[in-house]
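Asks: The lines below spell out each chain.
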Amino acid sequence: MAKNLQQMNKIANSIRQDIIKMLVTAGSGHSAGPLGMADVLTALYFGGVANLDPKKRHSPDRDRVILSNAHICPVLYATLAHRGYFPKSELKTLRKLGSRLQGHSNSHFDIGIDTSGGPLGQGLSQAIGLALASRLNNKNDAGRLGPSFAEASVGRRAMRDVRRNYHTWCLMSDGEFDEGQTWEALMLAGKLDLREVTILIDRNNIQIDGYTEKIMPLENFSDKLKAFNWFVIEVDGHNIREILDAMKKAKAMAANPTAIICHTIPGKGVDFMESQFEWHGKPPSPEEARRALHELRTLGGKIKSEHE
Amino acid sequence: MAKNLQQMNKIANSIRQDIIKMLVTAGSGHSAGPLGMADVLTALYFGGVANLDPKKRHSPDRDRVILSNAHICPVLYATLAHRGYFPKSELKTLRKLGSRLQGHSNSHFDIGIDTSGGPLGQGLSQAIGLALASRLNNKNDAGRLGPSFAEASVGRRAMRDVRRNYHTWCLMSDGEFDEGQTWEALMLAGKLDLREVTILIDRNNIQIDGYTEKIMPLENFSDKLKAFNWFVIEVDGHNIREILDAMKKAKAMAANPTAIICHTIPGKGVDFMESQFEWHGKPPSPEEARRALHELRTLGGKIKSEHE
Amino acid sequence: MKLVKLSDFWMHKTAEKRPTRDGYGEALLELGEANPQVVVLTADLAESTRALPFGEKYPDRFIECGVAEQNMMGVAAGLALGGKIPFVSSYAVFSPGRSWDQLRVSVCYTKANVKIAGAHTGISVGPDGATHQALEDMAITRVIPNLVVIAPCDAEETRKCTLAAAAYQGPVYFRFAREKTPVMTVKQTPFEIGQAYVCREGYDVTLIAAGPLLHAALMAAEKLAAKGIEAEVINSHTIKPLDTKTILRSVKKTHCAVTVEEHQTTGGLFGAVAEALAKHYPVPLEAVGMPDSFGESGTPDELLAKYKMTEKDVFSAAIKVIKRK
Amino acid sequence: MKLVKLSDFWMHKTAEKRPTRDGYGEALLELGEANPQVVVLTADLAESTRALPFGEKYPDRFIECGVAEQNMMGVAAGLALGGKIPFVSSYAVFSPGRSWDQLRVSVCYTKANVKIAGAHTGISVGPDGATHQALEDMAITRVIPNLVVIAPCDAEETRKCTLAAAAYQGPVYFRFAREKTPVMTVKQTPFEIGQAYVCREGYDVTLIAAGPLLHAALMAAEKLAAKGIEAEVINSHTIKPLDTKTILRSVKKTHCAVTVEEHQTTGGLFGAVAEALAKHYPVPLEAVGMPDSFGESGTPDELLAKYKMTEKDVFSAAIKVIKRK
Ligand SMILES: Cc1ncc(C[n+]2csc(CCOP(=O)(O)OP(=O)(O)O)c2C)c(N)n1
Ligand SMILES: Cc1ncc(C[n+]2csc(CCOP(=O)(O)OP(=O)(O)O)c2C)c(N)n1
Ligand SMILES: [Mg+2]
Ligand SMILES: [Mg+2]
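The listed protein sequences correspond, in order, to chains Z, B, A and F.
Residue 1 is where the first sequence starts when you use the numbering used here, and the numbers rise one by one after that.
Residue 1 is where the second sequence starts when you use the numbering used here, and the numbers rise one by one after that.
Residue 1 is where the third sequence starts when you use the numbering used here, and the numbers rise one by one after that.
Residue 1 is where the fourth sequence starts when you use the numbering used here, and the numbers rise one by one after that.
Don't take each hint at face value.
What the hints assert, rightly or not - No farther apart than 30 Å at their CA atoms in a straight line, the calculated lysine-lysine pairs in the BS3-like style are these: (1) B:Lys21 - A:Lys306; (2) F:Lys240 - A:Lys325; (3) F:Lys180 - A:Lys245; (4) Z:Lys226 - Z:Lys251; (5) A:Lys17 - A:Lys187.
As the list claims (entries may be wrong) - Just a sample of chain B residues kept apart from chain Z, beta carbon distances all over 12 Å, derived: (6) Thr182; (7) Arg195; (8) Ser222; (9) Phe228; (10) Asn239; (11) Ala252; (12) Glu278; (13) Gly281; (14) Glu288.
Derived from the structure by calculation, the hints contain no laboratory data.
Even glycine gets a Cβ: it sits at the ideal position worked out from N, Cα and C.
One chain only, chain Z, in its complex shape (with noise of 0.2 Å):
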């Protein structure tokens, strides 16, 4: 099942591709986030420790992915299409009217997103929720559902879901700790010692307006998240390895709940964007597209291309 670090390097690329091919399908939508995100997704995804799979996509027991910061959706769909929820071919659609690729991952289609996203800080809150869900459900007195009123009350959808433990992990950029609702969250999970939840941060230090060390300070960042009862862990977020260390370390945790800083560079591995707020919310050109998937193909240079 999961990949080796070499395939898992080789799907990152692929994605950033794809991403960079939606964007420029779409003519609008986000191009840094999603591009820095590539490689903590594919951990997550491709790397074996979070419990995710298509064939099981409707599972009690998988876990659950929470995409908070959901205008980076392309990297999520994009990973989700190579993982084989979906057809690759449907990536094109991203914005387009009538497409299950919305602006804004929602969660009203049968395509393994289990919510919807798009005002920022909201969802820290529903992943404790789920994790909270799965820690009723392991309690003793789980044995007394009974199937008969939870079926008549609950739908079917929801029924699939009692009973079971999974862990659930909650993707959120650094912008999105402005939002006072996510320390609500962080010190709510910090009362309940909530090890049933992970957050993965894209720790890339841009946001819509500029560096987030200018528009609003988030430094020392550890120090605030380990104030409210946070097991925090820096990786590189481009190192897969580190990544999925993490991970584990994190799914391991006895008490406390853990923020994996992923510290990524925006617009990764496309020259021209990298590190650039600019590249925050707007998509390619054409002639940007095809010098950015140039250089995702060789590997900024590194290569040649297979297609050139």
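Given chain Z, work out where chains B, A and F with the ligands should sit, using these hints.
Replies: Positioned in the frame of chain Z, the structure of chains B, A and F with the ligands alone reads:
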């Protein structure tokens, strides 16, 4: 102007008595928080550190006070009356139809109150706005303020507020640190090095549903505040000298904003209310009020009441 | 037409008084026993929302969120995604007041199976004053797609409404009052989401009420009857989806109506009925409710009188609207 | 009746297109120069709300709040208490969507002199999808006492609206669109808060529009004229206080009306007009707007067509409502 310590302790005691009288007459309202904060409010209005004076209640350079946890308004009302902002006889109108002393304090009347409260967590943001207005008024470009346009569009009262400098004191409860808005505000003040604002926190360890460390643990509280770039001072909230020293330090800060954690005993001064979270939101019965007043008048049996 | 027989079910004359929120607390206990998927959340308001007894009996399924309404709404959405049936308990001014965005996206857009209980609605909240009196909640919830909005009329109907909300698949918002109000319905009185009930027949004017002020409408109808005016009284507890059918059937007979609610007279029941009539059968309509103003401190009775939400005001509005026919 | 001469001012046929938000950006620059008390706040959306040019020119009076809409609303209230005139700039779904409670209490209850600019309203926000399309903002603001609510029709009117908001003492909410829309007004076109303008006279039906869809109403009126139907078109940019006088004067002549808005057809312009007519002069009313549903991704034109908010839909609604007379 400023009272000495002995006088202030006496004033605080009278304020506590007035709180009991107001509440029993109103038949509803909050006992624990107001009693607990009587010493802090006395220090604030009588200690000579804050620039507050009923005769200068409209002065543009008066210090501003924002009561964020407005449910403790009985202590603010009693303090303002003692300080001469309005007649003490009005205290008995608390929570009655047509009274200027509404169930939660508001700014609609000329009784020395600058803003309205009720929903927790809204005060610090407003304090920051007031502090920023003060900072803007101090800028060089303040000289450019053309009275004509401003007068027309801002109205008279607001015009009086320009081109002067003041300090803003924000009174908050520990329960308010559950609210995300509070952390948003803390983060912004930290970003702006907003030394023009000081929080006086009622750290009484209770909220409605119980003790804070059970309902929503805040510890390590000062670590959290420090991680958000605030300068933190902890004081005994019943020691007026300590409170005033901390206020002086806060006013003298060169950079960071200051949070003064005032460790208080909720219900302070009334034995059967002290540290009982059940007294958060209920008034004494007439019989309980009688006992409370007796205790306050005799300083818990230490002296004989003049009235008995 | 579904008509509730007054003689059987509506005992508005001899009504005992109980706070509607008590019905919520009772229903939660019933649900706790009947359905292990039910979980209850509160934001530091366990007792006064009546969520506390559930919390004491089922501590594992009770989540104390502290004073953090946004997070509470989101946690509820997550619990619903995990198959639970969460009841979010706070005052309406704070939830959905401070959690509107979370209600819109995390709950309603996702169609998460969350139930939101808004306590302390109406001017009758009393001495706490303006900030605590929810007079806008029906307007801000009614406009969100996928959300059911209910204002039950008494403690018994609140109990049924809570049970019905649990059985319904999808987001439901319902509101209750703080003070004791007359109990007009009994166990057998029917309750169905989206189904308004004609609880008094008449042909001169239709009085459409939602919430405890239904009692004022019923009393006003008696006074009107004494003057020879026969008012039809409808309990329109569900604001959304509005039971347009029952309302239209009545106004086609009476040709005028009065709405009665403890809410601003913009966007709530008056708004919903005005919109329905404008689309289908425009007739003169008068509003009894809060006249686009904040409340203040006072006793419930003083405030209801000052802001014209009493039986007398329903009576006058009825007289006025009949003249406009 | 105040009538704007079409020939002079309304150039809807040859209209150039500009996003309404551009008018906001221009007005802020004018205000920056004219009034040093004006300050501008944003929550990490400086460029797309058009607050950026002000921020670049007057950095001292520009407050970047990061992604924290609740705090931004509260800071604005505090600035207003300190004598400033703050403009709060974000997308309407987030502000007032996430800052509703702060708007209600810190701003409106206190009557703080805060101006709230809600960008990206309407289905025409397009490819970002449902969460970013503000279709509920007029309903949730209109119900709050002390708040003025405005939906300007084009970039020029948005400029005037912004200036008028600054001159007005008290809280004002106004909304704008993301896409380029026809500029129908010119510098001389009058604009006054609370004053609706009849921009085309007629006697068969009244078309009441707020926001850029006024253009669809004007175009539909021409099509109707070709069929011998004379529509009166009203620019009702101020939703609250609604100019009931101008609207009533018109419907007393036409005896039917259609409201046109990029908003849910509950609680917004349709709601406001339905309420006013029900109280004063009930006539058949049809609604062009979002049919109680969330939006989705697509191009603005595709979405306006799918959800029936085009000139064609105004035309059909007019035909339908005339038949109902
Ligand atoms: C509540 C809310 N406010 C504002 C926005 C608009 N917005 C979308 S992305 C974004 C930037 C936030 O920073 P981050 O997520 O770190 O951006 P990235 O690193 O992906 O470029 C903002 C302000 C939003 N989606 N939600
Ligand atoms: C936003 C909001 N949520 C809930 C409430 C209800 N409430 C009023 S006081 C209070 C307790 C908060 O704790 P704290 O202020 O520390 O209470 P105290 O120490 O004064 O007893 C709560 C939850 C409120 N006023 N505002
Ligand atoms: Mg970022
Ligand atoms: Mg406390």
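Asks: The output says glutamate 278 of chain B does not contact chain Z. Does that hold with a beta carbon cutoff of 12 Å?
Replies: Since the minimum Cβ distance to chain Z is about 22 Å, glutamate 278 of chain B lies beyond 12 Å and the statement holds.
Asks: Is it the case that alanine 252 of chain B keeps its Cβ farther than 12 Å from each residue Cβ in chain Z?
Replies: Holds: least Cβ distance 24 Å, greater than 12 Å.
Asks: Evaluate the condition: distance from the CB of phenylalanine 228 of chain B to the nearest CB of chain Z exceeds 12 Å.
Replies: Not fine: 7 Å to the nearest Cβ puts phenylalanine 228 of chain B too close to chain Z.
Asks: Using Cβ atoms and 12 Å as the threshold, tell me whether glutamate 288 of chain B really stays out of contact range of chain Z.
Replies: Glutamate 288 of chain B clear of chain Z: closest Cβ-Cβ about 33 Å, beyond 12 Å.
Asks: Does lysine 325 of chain A lie within 30 Å of lysine 240 of chain F when you go C-alpha to C-alpha?
Replies: Holds, because 27 Å separates the two Cα atoms, which is no more than 30 Å.
Asks: Measuring Cβ to Cβ, find out whether arginine 195 of chain B lies farther than 12 Å from everything in chain Z.
Replies: 16 Å, holds
Asks: Quick one: work out the minimum CB distance from asparagine 239 of chain B to chain Z and report holds if it exceeds 12 Å, violated otherwise.
Replies: 27 Å, holds
Asks: Are lysine 180 of chain F and lysine 245 of chain A close enough, with their CA atoms no more than 30 Å apart?
Replies: 41 Å, violated
Asks: For serine 222 of chain B, which was marked as not at the interface, is the minimum beta-carbon distance to chain Z over 12 Å?
Replies: Non-interface label fails for serine 222 of chain B: nearest chain Z Cβ at 9 Å, not farther than 12 Å.
Asks: Quick one: work out the minimum CB distance from threonine 182 of chain B to chain Z and report holds if it exceeds 12 Å, violated otherwise.
Replies: 7 Å, violated
Asks: Hinted pair, alpha-carbon criterion (30 Å max): lysine 226 of chain Z, lysine 251 of chain Z. Please report holds or violated.
Replies: Status holds; Cα separation ~18 Å.
Asks: Lysine 21 of chain B and lysine 306 of chain A were given as a pair; does the straight-line alpha-carbon distance stay at or below 30 Å?
Replies: Measuring from Cα to Cα gives roughly 27 Å; hence the hint holds.
Hint compliance for this structure: hints 3, 6, 8 and 9 are broken, all remaining hints hold.
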